[in-house]
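S.K.: These protein sequence lines map, in sequence, to chains A and B.
First residue of the first sequence? That's 1 in the numbering used here, and the numbers climb one at a time after it.
First residue of the second sequence? That's 1001 in the numbering used here, and the numbers climb one at a time after it.
One should not assume that every hint holds.
Unchecked claim - If you want the footprint, here are the derived chain B segments under chain A, 3+ residues with CB under 8 angstroms:
#: 1; segment: 1105-1118
#: 2; segment: 1267-1275
#: 3; segment: 1372-1386
What the hints assert, rightly or not - Covered stretches of chain A (in silico footprint by chain B; criterion: 3 or more residues with CB under 8 angstroms from a CB of chain B, positions within the stretch not fixed):
#: 4; segment: 4-14
#: 5; segment: 56-66
#: 6; segment: 70-79
Just so you know, these hints were derived from the structure itself, not from any lab.
All C-beta atoms in this analysis are idealised placements derived from N, C-alpha and C, irrespective of residue type, glycine included.
This is what each chain is made of:
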Amino acid sequence: MDQGNIVICRCEEVTLKELIAAAETYRCSARELKLRTRAGMGCCGGRTCRRFIDMVARQATGEAPSHGIPLGYQPPVRPVAFGQLGGVIG
Amino acid sequence: MTDVLIVGAGPAGLSAAATCARHGLSVRVVDEFMKPGGRLLGQLHEEPDGTWWNGIEEARRLYEQAVGLGASVACGVSVYDAARGEEGWVVSTTEGILEAPVLLLATGAAETALPLPGWTIPGVMSIGAAQVMTNVHRVRVGERGVIIGVNILAVAIARELQLAGIHVDRMVLPPRNPVTQEAASPYHVMQSLLRVAHLAPSAFIRYGSRLVKSDPLLRLAVRCYPAGGVKMWRMPIHLRTAAVEILGTSKVEGVRLARVSPDGEPLPGTEHDIPADFVCIAGGLHPLAELAAVAGCPFAYLPELGGHVPLHNERMETPLAGLYVAGNITGIESAKVAMAQGAVAGLAIAEHLGRLRDRTALADAIAHVKRVRRSATIQFHPEIGRGRADVERMFQEQGISGK
Ligand SMILES: Cc1cc2nc3c(=O)[nH]c(=O)nc-3n(C[C@H](O)[C@H](O)[C@H](O)COP(=O)(O)OP(=O)(O)OC[C@H]3O[C@@H](n4cnc5c(N)ncnc54)[C@H](O)[C@@H]3O)c2cc1C
């Protein structure tokens, strides 16, 4: 089987081929790649695929990893139910 | 009122909790797993001196010590946000909001995946999941497994599966693709395995490893690597065979293998299928630092430490006032190092909150971390010492803000 058909982001069902095509067309940052393909934007928050999105973006732009985190984290960093938002434990 | 809130009840979090409690601080530990102990719970290995490292026993000891000294430990609670408030840290959990002047993040490490065709089929799991199912839940993951990815963690866990009576058929490389990179290169994998060859159960491997310290010999060894693999505990480890696809429709049925060149390129006409009912993917570990990121902590990228780590000094302080880190979140190392770092964090916190009378204790604990590091049997990166020195230097250059 062609390696391009590998699903990289399971939540949003984005394949390696789709990521590479977008990265090569736009030569963009990992963040832009995420916004263009929705990879990493599913309910898990990109826990598994974020580093692959970053790798594909870096291979297209030729950029070396920097000290900053390539794809920022936003709360909640875990999936939470609406009912759990708010409230104080005594 | 809570003085110190600790996220993570692994060896780092629990030993920090005990240290803080011993200095009269009120400590609250939360962990999302259902049992305390973190990754210790999966660990069982024989040390080179013949003694056994039993992680479940270590976890129980650390937990009882922390609770005995008055720390509270809550399991099954996930933390999903951390922010600096007026008085201290405001931490959002699935059980509500917690506040404390000091927050210690001891969230450990996460596994790195190796994507390949078929990796989303049920029956494919990370090597750490197989470890937890076997050693924590006591569930048999399957009858006949293949491990994809060759590294120290995979070798250690394969041995644990064997000890539990589970047949691990062989260990092979992942296919070469844009997201597997060095993990699919026989040369790189051979190089990293040689660093841990002193742990091998076979005198043949230990001896062989000494022969190939030079680069030309290493390349030769990769070229001549036996087609049938090299056996460790009767399990063949392959460096010139890769899994190109995991087979099956509703569950894993087998793995398609191919011979690969010394660069990891599949050799045409060498594909063949083998049966398997489970597959473990072993891509290594990286620090789990998402809470430090949402808290606004600056980071350092240091491959020797496993990737991006929150900036910190040897007292386990971050540049943010009242925010501390300890354990694998600061770099991938063994459980014993995590424990020693937890003690340092506990003492540094006690000092920060004016409870440390014996100042030499902190310096001693910092020296102890370095001793434990030097004598560690499991080393995830040979240049760990350099990574530690780099992060310390970067911290000193950037200084502590907001203090
Ligand atoms: C799969 C795997 C296998 C390993 N095997 C070995 C081995 O055989 N030998 C060895 O020496 N080392 C091994 N390690 C390395 C291991 O990380 C260290 O041994 C040690 O456990 C690190 O201790 P720690 O306290 O830093 O983190 P951990 O032991 O990982 O504990 C961290 C705890 O934090 C909790 N946590 C994380 N995020 C949150 C959150 N947002 N909210 C609430 N709780 C949270 C987790 O549930 C976990 O219990 C392994 C690591 C992994 C991932």
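S.K.: Indicate, hint by hint, whether the structure satisfies it.
M.R.: Quick rundown of the hints versus the structure:
no. : hint      : result
1   : 1105-1118 : holds (count 7)
2   : 1267-1275 : violated (count 0)
3   : 1372-1386 : violated (count 0)
4   : 4-14      : holds (count 5)
5   : 56-66     : holds (count 4)
6   : 70-79     : holds (count 7)
The structure is inconsistent with the numbered hints 2, 3, although it conforms to all the rest.
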